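Chains as they are written, first to last, in the working numbering: chain H, 1 to 442; chain F, 1 to 262.
The set of hints was computed from the structure by calculation and includes no laboratory data.
Fair warning: there could be bad hints in the mix.
Some residues of chain H that are not near chain F, with every Cβ distance over 10 Å (derived) [stated by the list, open to error]:
{"#": "1", "residue": "Arg26"}
{"#": "2", "residue": "Val64"}
{"#": "3", "residue": "Ile189"}
{"#": "4", "residue": "Arg278"}
{"#": "5", "residue": "Ala307"}
{"#": "6", "residue": "Met408"}
One-sided excerpt, in silico: chain H residues whose CB lies under 10 Å from chain F [to be verified]:
{"#": "7", "residue": "Leu118"}
{"#": "8", "residue": "Met157"}
{"#": "9", "residue": "Ala159"}
{"#": "10", "residue": "Asp163"}
{"#": "11", "residue": "Asn201"}
Treat the numbers as computed from the prediction; the structure is a model and nothing was measured.
Idealized CB from N, CA, C, for every residue including glycine.
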Amino acid sequence: MSKALEAITAGSAPGRITLLLYIGWRNIWRNPVRSLLTISALAGGLVMVILYAALLEGMNRQMVRHATELGSGHIQIHRQGYIDDQDLYATLPWRYLRRIESEVSGVHVAPRLYAAALASTREASYGVLIRAIDPQREPLVTTMLRHIRSGTPELGMAAPGSDGLPRERVIVGAQLARNMGIAPGSELIVVTQAADGSIGNALYRVSAVLKPLEPGFDRMGVLISIDSYQRLMALESGFQELAVKVNDPSRVDLLRQQLSALCDRVLDEMPLEQDGGRPVVRTWRELNPSVSDLLELSGTFLLIVGAIVVGLASLGMLNTMLMAVHERTHEFGILLSIGMKPRWLLLMVFFESLLLALVAALSGSLLGSLAAGYFERHGIDFSRTLPEGYDWAGIVFEPVISATLRPMDVLYASLLMVAVTLLAALIPSWRAVRLKPAEIMR
Amino acid sequence: MDERNGLHHPVIKPCLRALMLLAACLAPVTPLQAMDVATLIRHIDRLWRGETSHARMSMTVKTRHYERSMTMEAWSMGKAYSLVVIREPIKERGVATLKVEANIWNYLPKINRVVRVPSSMMSGSWMGSHFTNDDLVRESTFEDDYDSSITYEGVRDGRRIYELTALPKPDAAVVWGKVVMLIEQETLAPFRARYYDEEGRLVRTIDFDRQQRVGERMVPMRMTLQPEEKPDESTVILYQEIAFGVPLDKGFFSLQNLKARR
Chain H
1 MSKALEAITA GSAPGRITLL LYIGWRNIWR NPVRSLLTIS ALAGGLVMVI LYAALLEGMN
61 RQMVRHATEL GSGHIQIHRQ GYIDDQDLYA TLPWRYLRRI ESEVSGVHVA PRLYAAALAS
121 TREASYGVLI RAIDPQREPL VTTMLRHIRS GTPELGMAAP GSDGLPRERV IVGAQLARNM
181 GIAPGSELIV VTQAADGSIG NALYRVSAVL KPLEPGFDRM GVLISIDSYQ RLMALESGFQ
241 ELAVKVNDPS RVDLLRQQLS ALCDRVLDEM PLEQDGGRPV VRTWRELNPS VSDLLELSGT
301 FLLIVGAIVV GLASLGMLNT MLMAVHERTH EFGILLSIGM KPRWLLLMVF FESLLLALVA
361 ALSGSLLGSL AAGYFERHGI DFSRTLPEGY DWAGIVFEPV ISATLRPMDV LYASLLMVAV
421 TLLAALIPSW RAVRLKPAEI MR
Chain F
1 MDERNGLHHP VIKPCLRALM LLAACLAPVT PLQAMDVATL IRHIDRLWRG ETSHARMSMT
61 VKTRHYERSM TMEAWSMGKA YSLVVIREPI KERGVATLKV EANIWNYLPK INRVVRVPSS
121 MMSGSWMGSH FTNDDLVRES TFEDDYDSSI TYEGVRDGRR IYELTALPKP DAAVVWGKVV
181 MLIEQETLAP FRARYYDEEG RLVRTIDFDR QQRVGERMVP MRMTLQPEEK PDESTVILYQ
241 EIAFGVPLDK GFFSLQNLKA RR
């Protein structure tokens with residue numbers, strides 16, 4: 001001990017720190033059981049935080065995927081008139097679609113049209129929302145047509161029935177199918193007011209029933225092809241909505257600017273009639289403000305929960321170190337009386353805490369990553385406890401939630417833990433410094 | 001062949017109401033006598049029931065987005081039954097609307113199906129015009145749902161008129177907050193009706209003109225609906241011919257006949 005003291009007092013600064021680190025490390029293992037318990041409490045806390053972060057991230061990604069791949073795409077273009085009050089006539093001419101397809105790279109686009117209508121079976125009538133899609137383009141933008149519970153997702157003209165009347169094919173939302181008691185093969189009569197004021201009417205045959213997409217659409221939505229829509233609605237001037245998939249999602253904001261500029265150019269070349277308003281380009285964050293709010297909220301959640309868990313674990317650390325200092329009061333007294341400077345003593349206790357924290361951080365992030373990796377592959381299945389199409393604030397959850405591990409989350413969680421435990425370690429260190437050798441030795 | 005003693009073209013409420021009123025006024029009361037509202041309403045009621053009509057007319061609808069005109073044939077019996085069939089344009093030939101009491105069915109020949117208009121669609125446009133399905137149905141309950149009174153009697157803008165104001169009864173489930181009808185004293189033909197919402201704002205105006213003598217009374221053959229908020233839009237109904245007292249029975253206003261009449 002006195003040799004070591006000599007080395008500390010006489011040696012250079014780096015050498016001194018190395019030595020203090022070494023002593024700190026040795027001190028940890030003077031009471032291995034207590035130290036191991038402390039380490040496992042800290043590491044356990046870290047595992048929890050990492051797992052929580054990974055599951056939250058997994059849910060967030062799933063939510064974004066739901067919002068973009070399943071329905072909205074990354075970007076949408078409408079005219080202001082359609083955004084304001086779903087004005088049927090606020091269409092963008094087809095040349096906008098052609099120009100975007102030929103002049104913007106790295107995107108896929110799908111045009112859509114909407115209309116309110118009355119759908120009837122022999123038994124019942126329901127108000128429905130028709131969404132007309134392009135069966136060729138839509139699958140390149142969203143996975144809507146693959147999200148099928150029963151039947152085959154075909155659109156367009158169907159074979160005429162035995163009565164010789166023409167029939168078209170329709171895909172029906174999950175809840176609507178249940179409410180109306182229809183299944184693939186059922187007949188649906190659709191009546192609406194067409195764009196020319198006539199009574200738009202057509203016979204449809206249900207070709208498929210969708211899985212839950214979003215609550216509004218599940219309850220009221222039917223999918224038909226744009227060809228069918230044009231025959232039903234006598235509206236051929238263009239489309240109301242253009243869903244855009246960006247091949248590299250990190251370039252969404254850039255492409256939004258590009259698309260906006262292109263729309264402005266096309267508008268300048270040939271102005272549209274006033275009523276429908278200008279074309280407006282919006283990203284999914286603007287289209288689904290609830291999703292993007294939820295994402296921001298979940299970041300805050302993560303920080304709060306992380307701080308609480310790590311804070312609790314670091315209380316264990318505080319206790320351990322207070323005990324360690326207390327036990328060694330006498331020893332510290334001797335050290336101080338033979339010339340150890342109080343700040344070196346402080347550093348020694350501090351290093352002891354730091355090493356504890358580092359060991360815990362290493363083992364915790366390793367275990368946490370392993371656990372998160374497991375749930376990334378296997379997912380947690382809630383399908384027994386969640387009703388189908390369960391939604392929160394209009395966002396449908398998939399019943400199987402799988403984790404997504406982000407390395408940065410592990411790093412931040414470890415740093416947070418080390419920082420919080422070091423803060424806690426200041427108290428015992430401070431007590432070590434305040435010791436008065438004369439009083440202790442008496 | 002017909003008695004020509006009443007005018008009830010059934011299709012559209014305002015028109016109906018106007019004509020109803022006219023019919024009532026014209027029948028047993030001497031035109032220049034002071035009008036008693038109770039008598040008026042009682043006459044409307046009595047004259048309406050069991051009454052039948054048959055008319056051919058055209059309707060021209062002008063909106064910001066489309067203009068369409070069509071010709072129609074219509075039958076009615078009392079205030080509860082009516083049937084309208086579109087004759088032109090070819091694309092819509094045979095599309096028919098049957099009204100029985102408060103129910104409306106549309107027959108759609110293209111898909112050979114009859115579809116009942118559910119209550120949620122009653123406020124929707126009828127045949128793309130500015131009239132609603134509700135307009136077809138509501139008129140039958142109008143007398144029950146509104147309190148009417150003569151609020152002006154005298155000369156206005158150079159002609160002698162009655163101003164009839166109808167206010168909904170307190171518990172009536174009605175669309176309008178107030179309806180004001182202007183009637184020419186000399187002919188007892190209505191020439192303007194104004195419809196107000198519950199806040200007292202004018203919503204639409206219907207003008208009646210081109211009076212023609214049918215039997216003993218003057219019938220306005222043209223009505224022009226003008227929505228207040230859309231001055232460039234309108235719906236005009238023009239009667240080519242109208243006859244009263246034609247032989248019809250309840251069986252005529254059936255779902256079977258709805259299909260067969262195309």
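Okay, the hints, checked on the actual structure:
no. : hint   : result
1   : Arg26  : 81 Å, holds
2   : Val64  : 35 Å, holds
3   : Ile189 : 5 Å, violated
4   : Arg278 : 18 Å, holds
5   : Ala307 : 52 Å, holds
6   : Met408 : 52 Å, holds
7   : Leu118 : 6 Å, holds
8   : Met157 : 14 Å, violated
9   : Ala159 : 16 Å, violated
10  : Asp163 : 7 Å, holds
11  : Asn201 : 4 Å, holds
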